[in-house]
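Enquirer: Below, each chain spelled out in residue letters.
There are 2 protein chains.
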Amino acid sequence: MAVTIRDVAREARVSVASVSRALNGSPAVTDETRQRIASIAARLRYVPHSAARSLITKRTQTVGALLPDLYGEFFSELIRGIDLAARAKGLHLLVSSSHGDAVEAAAALRAMQGRVDGMLILSPHVDTEFLRANLPESTPAVLLNSALKSSQFDVLNIDNYGGAHAMTRHLLDAGHASVAFVSGPEDNFDAQQRERGYREAMAAFAPKAAVKVVAGDFSEESGYLVGRTLAKNGKPRAVFAANDMMAVGCLRAFAEAGLRVPQDVALAGFDDIPIARYITPALTTVRVRIADLGRSALERVAAAIEKPGRARHAAQTLACEVVVRASSGSGRTTKPV
Amino acid sequence: MAVTIRDVAREARVSVASVSRALNGSPAVTDETRQRIASIAARLRYVPHSAARSLITKRTQTVGALLPDLYGEFFSELIRGIDLAARAKGLHLLVSSSHGDAVEAAAALRAMQGRVDGMLILSPHVDTEFLRANLPESTPAVLLNSALKSSQFDVLNIDNYGGAHAMTRHLLDAGHASVAFVSGPEDNFDAQQRERGYREAMAAFAPKAAVKVVAGDFSEESGYLVGRTLAKNGKPRAVFAANDMMAVGCLRAFAEAGLRVPQDVALAGFDDIPIARYITPALTTVRVRIADLGRSALERVAAAIEKPGRARHAAQTLACEVVVRASSGSGRTTKPV
DNA sequence: AACTCCGATGAAAACGTTTACATTCCACTG
DNA sequence: CAGTGGAATGTAAACGTTTTCATCGGAGTT
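Chains as they are written, first to last, in the numbering used here: chain Y, 1 to 337; chain Z, 1 to 337.
Hints in this document: simulated from the structure, not taken from any laboratory. Heads up, a few of these hints could be off.
Unchecked claim - Straight-line alpha carbon distances no greater than 30 Å define the calculated DSSO-like cross-link-like pairs of lysine-lysine that follow:
| hint | chain 1 | residue 1 | chain 2 | residue 2 |
| --- | --- | --- | --- | --- |
| 1 | Z | 89 | Z | 307 |
| 2 | Z | 212 | Z | 232 |
| 3 | Y | 212 | Y | 232 |
| 4 | Y | 89 | Z | 58 |
| 5 | Z | 235 | Y | 58 |
| 6 | Z | 212 | Z | 235 |
| 7 | Y | 89 | Y | 307 |
| 8 | Y | 149 | Y | 212 |
| 9 | Y | 58 | Z | 212 |
All figures in this text were calculated on a predicted structure; none of them were measured in a lab.
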């Protein structure tokens with residue numbers, strides 16, 4: 001840290017301006033001096049002081065990610081996608097995760113103020129009001145998986161609706177006459193979209209079949225309880241759980257009730273968590289390309305940073321794919337939505 | 001971003017020095033003015049420009065985390081632990097992950113230069129030479145899960161040895177006369193320690209029993225192949241896989257071979273990945289408190305940042321615990337190592 | 001009443017860059 | 001040969017803080 005641009009300049013018998021220009025690729029410097037300066041800088045192990053640079057350029061070359069308390073696989077995949085894209089763009093990644101409530105999220109958002117050029121925000125606690133209060137006007141932001149419909153912000157969502165729609169269709173196509181749906185928490189945006197996908201697919205492809213929605217809360221336990229109920233009364237031919245964990249719970253309940261999957265009842269989930277592959281029978285589910293979500297989000301915020309003028313905000317949606325495994329009782333394929 | 005300390009000073013009819021002092025809690029300012037300044041700063045939504053502050057204080061209030069391409073649950077737990085501790089200490093977290101090789105890791109490490117006050121490093125590519133070349137002398141660093149024994153750096157490891165030792169003992173205590181071990185990749189530090197734990201526990205508690213080590217590579221597939229071999233020849237009473245994924249593979253092989261777990265053969269893994277709980281039978285395994293690892297690491301680097309003088313480096317080890325489930329064929333308990 | 005001391009405040013330097021503007025030098029034009 | 005233009009380089013201001021040192025009052029001491 002001791003070696004500054006001044007040291008390089010002195011060593012190269014040149015002004016600090018020329019060093020700056022040479023190292024930043026300004027055309028107003030002869031190739032010969034650039035070479036000389038570059039080699040001297042390398043020899044001295046000079047590395048520009050980023051704070052000093054930020055002070056004058058008003059850029060930090062950093063984007064912040066605000067995340068809630070997230071599920072394991074989802075979290076790491078998301079960060080991987082973001083990180084990879086950030087590296088490709090020469091940006092750093094400042095992470096603040098595990099926010100339980102809106103107060104914590106607000107504090108984190110404000111703490112990042114001035115340290116980042118843009119923000120990636122994934123949080124159930126975020127709404128327009130929250131953002132207006134805690135996000136500086138000038139900071140570009142991309143909202144992930146948000147119910148927000150405001151044209152004020154960029155929004156990037158997973159196509160929960162399309163995925164659930166396609167899965168419902170798959171179950172119907174496989175010949176299961178009745179399909180029950182295990183819903184997620186009422187206030188959860190993903191859960192709502194998935195339920196809508198189920199309902200509309202039922203209406204479209206099996207208008208005469210009964211629509212049956214049973215309330216769950218995304219936990220394995222709630223799936224188990226629902227599964228027990230379904231095994232006792234109703235006995236649908238197929239069960240579509242709004243996420244994989246609940247499907248796992250259902251499976252446990254069915255096993256206890258002596259129901260065979262998929263012979264007696266077909267089963268499907270949503271998310272394609274790693275467990276889905278390893279339970280018996282392997283779970284048919286909807287795969288979400290989480291890393292892609294992260295990558296896209298970063299690319300959008302990077303674009304917004306590069307040209308601050310372009311304030312055209314848009315909502316975009318990322319496709320899912322149905323992954324057919326043994327639990328739905330049919331051939332083995334993967335089909336995109 | 002437009003409002004600076006100067007604006008606050010003007011509004012409060014006071015010098016910038018006083019504003020700085022008031023907001024930083026210097027005692028050399030009267031309570032009354034501090035109040036006034038604070039309220040004005042709040043009203044103007046003044047937030048100090050971190051780059052300007054860093055420039056003069058030479059502190060960034062940020063620690064960097066350098067991570068390899070990591071397994072899902074491990075990654076998110078680690079980050080959670082780090083993030084929570086960082087927040088508690090008022091530090092920011094700069095993440096760079098998914099490094100495939102030493103060259104990428106070196107680039108990332110250098111890119112963080114000057115942007116962080118300290119580093120958390122978890123990477124199989126890191127050795128003393130690498131660090132000397134890419135890590136500035138002055139930057140405190142804590143190495144996670146590293147084979148490095150140099151007293152040059154702080155090292156924080158998981159007690160793989162102790163965990164494996166305890167698990168081996170558990171299997172022997174449960175009455176399984178012969179215990180085979182499925183090893184991990186040869187060059188993997190964790191794998192080596194686990195194997196050592198197995199060997200020494202066998203020597204200590206079952207000196208007459210045969211030590212049987214079969215080579216795996218941490219993948220589910222390798223576990224499956226090993227499992228098939230074991231089912232055919234050898235048929236040990238218990239199998240201890242160096243990680244859970246291989247145990248899952250073994251389980252699949254045993255099921256195919258008609259071996260019942262745990263009646264015909266007991267099975268145990270290491271890591272306590274989420275799947276372990278949900279396969280049938282549930283897998284006995286060793287739980288690693290990953291979030292604690294992250295928390296401890298951050299706390300140590302924070303301590304090193306606070307008092308740069310204290311250059312006493314130490315190696316420390318984090319305990320694991322044996323989680324007994326159905327696959328090892330005995331009661332249900334959890335015992336710390 | 002003059003002095004000393006101390007606590008509160010202000011002025012200004014310093015941190016390490018980038019960049020607008022100034023300067024120099026040289027080749028070319030008329 | 002004077003003049004012009006442009007390319008290469010240099011000078012210095014600016015960014016927004018923190019902090020050292022100086023200044024200013026006022027209270028206490030002699």
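Enquirer: Does each hint fit the structure? Answer for all of them.
Expert: Do the hints match the structure? See the list:
1. Z:89 / Z:307: 14 Å, holds
2. Z:212 / Z:232: 15 Å, holds
3. Y:212 / Y:232: 15 Å, holds
4. Y:89 / Z:58: The hint holds at about 26 Å.
5. Z:235 / Y:58: 67 Å, violated
6. Z:212 / Z:235: Given that 30 Å is the threshold and the Cα spacing comes to 11 Å, the pair holds.
7. Y:89 / Y:307: 14 Å, holds
8. Y:149 / Y:212: Satisfied, since the Cα-Cα distance of roughly 29 Å is no more than 30 Å.
9. Y:58 / Z:212: Status violated; Cα separation ~62 Å.
The structure fails hints 5 and 9 (numbered hints given earlier, in ascending order).
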